[in-house]
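Use these hints to put chain A onto chain P, whose structure you have.
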Amino acid sequence: MSLLARRSEFFFWCFITTIGGIIPISVGGLIVYLFAEGSSIITWDLFSRILSNSWFPADEEFGILPLIVGTITSAAAVLPLVVCLGIPSALYFVLFANERAQTIFSMVVGTLSGLPSVVVGIFVMEVTGINFTSAVIVLFLLVAPQFILMVATSLFQLHKGLLISAKALGLGDFGITVLILRQISLPVFGAMLVSLGRGFGEAVALTFVAGNVATMMPDWSGPIRTLTTTIVLELDFATGAHYSILHIVALSVTLLIAVTVILSGIFSRRNNQ
Amino acid sequence: MTVRKLFTERKLVEKASYRQPLLATFSLTSILFLGGCSSEQKQDKVEITGASTLLPILQSAGESLEKRYPTLRVQVLAGGSTKGVKDTFSKQNDLGAVARELTLEEKDQFEVFPVAYDGVAIITNSSTNILELTTEDLRKVYRKEITNWQSFNGVNSPITVVNKSDGHATLEVFLQHTQLHRREIKSDVIAGNNSQVIKSVANIPGSIGYVSIAEALAAIEINQPIKLIQLDGVKPTLSNVEMKLWPIRRTLYLVSRGEPSPWANVLLDFLQSNEGSQIIKEANYVPIS
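Keeping their order, the protein sequence lines are chains P and A.
According to this note's numbering, the first sequence is numbered sequentially starting from 183.
According to this note's numbering, the second sequence is numbered sequentially starting from 87.
Isolated chain P (complex conformation) (with noise of 0.2 angstroms):
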């Protein structure tokens, strides 16, 4: 190799390098940023404050836990509905839609997933009104296609010799199905936990609807308030103290979604293997 394509392969592999940071660079600048610009507001008591449950930032009382407890319990009611309701249609789409079906389903999908979270907000917040069902319905309008769709690809991603092994051992379509299941359990899981990051971080959809009152035991004809809608609320209105606290419930959310991401990354990794 002459010495100008070296220097070519060398400048090309620090472009792709540089570019190719750009992303982690950005995530620690984020996380870095998030805290010193609620470190002002760090003390020894700051832990016990936060875990009070009274939020009234403006009497400069933290109590996070109702918030963090309303993001988690949204977005784990929420799993349920997406499981029992997206693996079918993954299977649906994979294994049983004809050519035409595929097409309308992956574009109602497509569509769906495409919506901004606003529209989807608004409109659940005139039909179902204003309490922790509403909200609960916007987050599996917005989680599901994505679930869907990874689900969908894992199964895509099944060997063919599967199927055809099942059909020679004379298994039927619920026998295949429950076979096909267990396989792609891991993705399936990972899925989940894709969702549950999706879920933890919705923000303007869940201000229309969840009633944004903040509660420890939430039902589902009450409110809710999540870390998420606090900052949409708030964040222009606050100021010293308060406003530094908003950047630690930015930080929870963004180590919760982070959590969840790893952990979805690990059972895929384990999946490969």
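Heads up, a few of these hints could be off.
[Unchecked claim] Just the calculated beta-carbon pair ranges, DEER-fashion: (1) 272/A with 294/P: 34 to 44 angstroms; (2) 452/P with 232/A: 50 to 60 angstroms; (3) 309/P with 330/A: 40 to 50 angstroms.
These are computed hints drawn from the structure, not numbers from a lab.
Positions of the beta carbon are idealized from the N, C-alpha and C atoms, including for glycine.
Chain A only, in chain P's frame:
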């Protein structure tokens, strides 16, 4: 073609293979940098940030001034009174819009220009047949001591309390009038800005909330299912706000740190003129003069 010439041409081609992207990147960066520089050039501009309550007045006034002075740009960014104050402290705007009473410190630091009066109206969903409440009734409703409209001889419908999130000027004005502490309020829904409160009240039968009279009137004009409630025997009208009869009122301010810029002064003068007063009235607020 000699071997030497061939070699030189090939070298050029090889050089070009990595130079071209570098040149392209350099050119693009230069264009963006120069573009950025040109946008930094000094303009005839007034930048206002702060209370969304003042947004309709400032936008209409800005449009009128931009027609009169074609080089002038009036840029209005909402984000709450607190943002208006914060940006004014750090000199990130020409004027800050504030929809609450100023603190003593703010009064010391800022040049203060009262622009208009606004009333905070009590609104309910139009499904309730309630026409009037007293301040004491409001306290009971917001403390959840009364939870059904039947207690006011209204329909048999549970009362859904819509409140505003911390930091909003309207909340502070409401708390000041009702003498409630924020922790006493038992909210069913917490909304951000006035339009979110209106949307919530419009969508929930039996709900009650409080917003700027101007925005409530604008919502009723476009047939939102809400209605204004008389408070302590006073009708929520602009003339009652003007005559200081309406009990929950506030002054809307523009503030600047130090002397306002020349163009900011033009805007302030315009808001005090007859044309400015007309714009304020059309936006359903009460002019100061």
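Quiz prompt | Unmet hints by their number, sorted upward, for this structure | solution = none
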